[in-house]
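Modelling step: build the complete structure from the supplied sequences, incorporating the hints.
One point on numbering: in the numbering used here, the residue at position 274 of the sequence shown is 274, and numbering is uninterrupted.
Please note that the accuracy of each hint is not assured.
[To be verified] Label pairs and their calculated CB-CB ranges: (1) Arg85 to Pro320: 25 to 31 Å; (2) Asn321 to Gly265: 51 to 57 Å; (3) Gly239 to Lys336: 46 to 52 Å; (4) Gln292 to Asp338: 21 to 27 Å; (5) Gly116 to Lys201: 34 to 40 Å; (6) Asn321 to Ala238: 38 to 44 Å.
Calculated directly from the structure, the hints in this document are not laboratory data.
Note that the structure is a prediction, hence the values are computed from the model and not measured.
Note that CB positions come from ideal geometry on N, CA and C, so glycine has one too.
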Amino acid sequence: MKFWKFFIAASGLLAGLQGALHAQLLIGQTVGVTGSAAATVKESMGGAQLYFDAVNARGGVNGQKIEVLTLDDKFDPKLTLSNTRTLIVDKGVLALFMTRGTPHTVGILPLLDEFGVPLVGPSTGAMVLHEPVKKNIFNVRAPYQREVKKAIGHLATLGVQRIGVVHVDDTFGADALAGALAGFKDNKLEALFVEKFDRAKPDFSAIAPAVAKQNPQAVLIFGTGSAVVDGIKAMRAAGVTGQIVTLSNNASGGFVKALGGESRGVVVTQVFPSERAVTFPLVREATALAQQAKIQLTPAMVEGFTNAKVLVEGLRRAGPNPTRASLHKALETFNKFDLGGLTLSYTADDHSGLDFSDLSIIGPEGHFRR
1 MKFWKFFIAA SGLLAGLQGA LHAQLLIGQT VGVTGSAAAT VKESMGGAQL YFDAVNARGG
61 VNGQKIEVLT LDDKFDPKLT LSNTRTLIVD KGVLALFMTR GTPHTVGILP LLDEFGVPLV
121 GPSTGAMVLH EPVKKNIFNV RAPYQREVKK AIGHLATLGV QRIGVVHVDD TFGADALAGA
181 LAGFKDNKLE ALFVEKFDRA KPDFSAIAPA VAKQNPQAVL IFGTGSAVVD GIKAMRAAGV
241 TGQIVTLSNN ASGGFVKALG GESRGVVVTQ VFPSERAVTF PLVREATALA QQAKIQLTPA
301 MVEGFTNAKV LVEGLRRAGP NPTRASLHKA LETFNKFDLG GLTLSYTADD HSGLDFSDLS
361 IIGPEGHFRR
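Here is the structure:
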């Protein structure tokens with residue numbers, strides 16, 4: 001099974017155009033196929049493709065097959081903006097799907113509004129995309145701030161009070177920090193320290209020793225993929241022995257593999273059911289398709305699979321000749337839509353999606369345990 005079809009602008013625009021000419025339901029995506037988020041991107045798109053392939057094998061949606069045209073933005077917000085214009089203006093995509101990154105997604109909001117293009121399932125839980133409601137953003141995952149508050153509340157119940165924060169210096173990091181500060185307040189705690197690192201060139205050579213000197217019982221680290229891996233390894237090497245907690249954007253097998261021996265015991269918040277929670281019909285369905293494709297289901301794949309289900313249902317409700325406007329209208333008809341044990345609703349005043357958050361810990365075998 002192909003995990004995804006991607007076209008890198010420098011070498012593949014011609015191939016992308018040829019694919020677009022044959023697509024019946026052309027969906028666009030700009031995402032870091034390469035770059036610091038690549039491992040998680042591969043898994044989330046693999047989960048989405050499982051569902052798209054299954055739908056297409058049954059004849060597609062209203063007799064039309066789905067094609068996802070993906071451009072690699074290398075996890076660079078500037079490329080995200082450029083790719084989005086290419087997808088909307090040059091390729092004429094019906095909708096955008098599962099962008100990744102807070103500054104990346106925030107940066108394309110004006111284009112979405114200018115051309116009336118719905119974006120379904122952005123892989124970011126930034127509160128700015130939830131409140132106030134963004135007309136063309138249809139969130140599926142819960143906000144990061146909810147994840148952070150849950151993690152701090154859990155640590156507090158265990159008697160952990162000396163908790164510090166290390167975060168990327170961008171809109172994602174600022175959003176997660178806001179959630180942390182609210183979580184500390186809710187539990188009558190204060191941050192032991194707050195350190196930040198550069199998104200483009202993360203450097204933990206000074207941060208890690210400074211964190212170790214504070215002797216924290218726990219460290220919350222907010223960032224993406226390889227940067228968080230480097231940060232955790234640097235802190236452990238500097239002598240930090242406290243609990244490490246990171247967010248659901250790092251809930252992938254690739255993240256665990258990159259951490260290697262330092263992955264054991266790291267807490268990762270989750271915004272979808274466990275990939276082994278077969279009590280959820282959604283997970284049973286994804287598991288069956290993954291087994292057919294002979295691949296191992298991961299948390300990131302569950303997210304991609306769920307987002308794909310939301311998009312497909314929106315396309316189905318939009319009718320046999322969907323437009324950007326009819327898809328937008330169709331998505332806002334969701335009223336407790338059952339995704340398979342999870343219900344999702346949208347209205348004109350609420351595009352927040354699911355309200356699910358959980359905690360997991362990486363076990364010695366490299367699996368996420370709930």
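Practice task
State the violated hints by number, sorted upward, taking the hints as numbered earlier in the document.
Solution key: When the structure is compared with the hints, only number 6 turns out to be violated.
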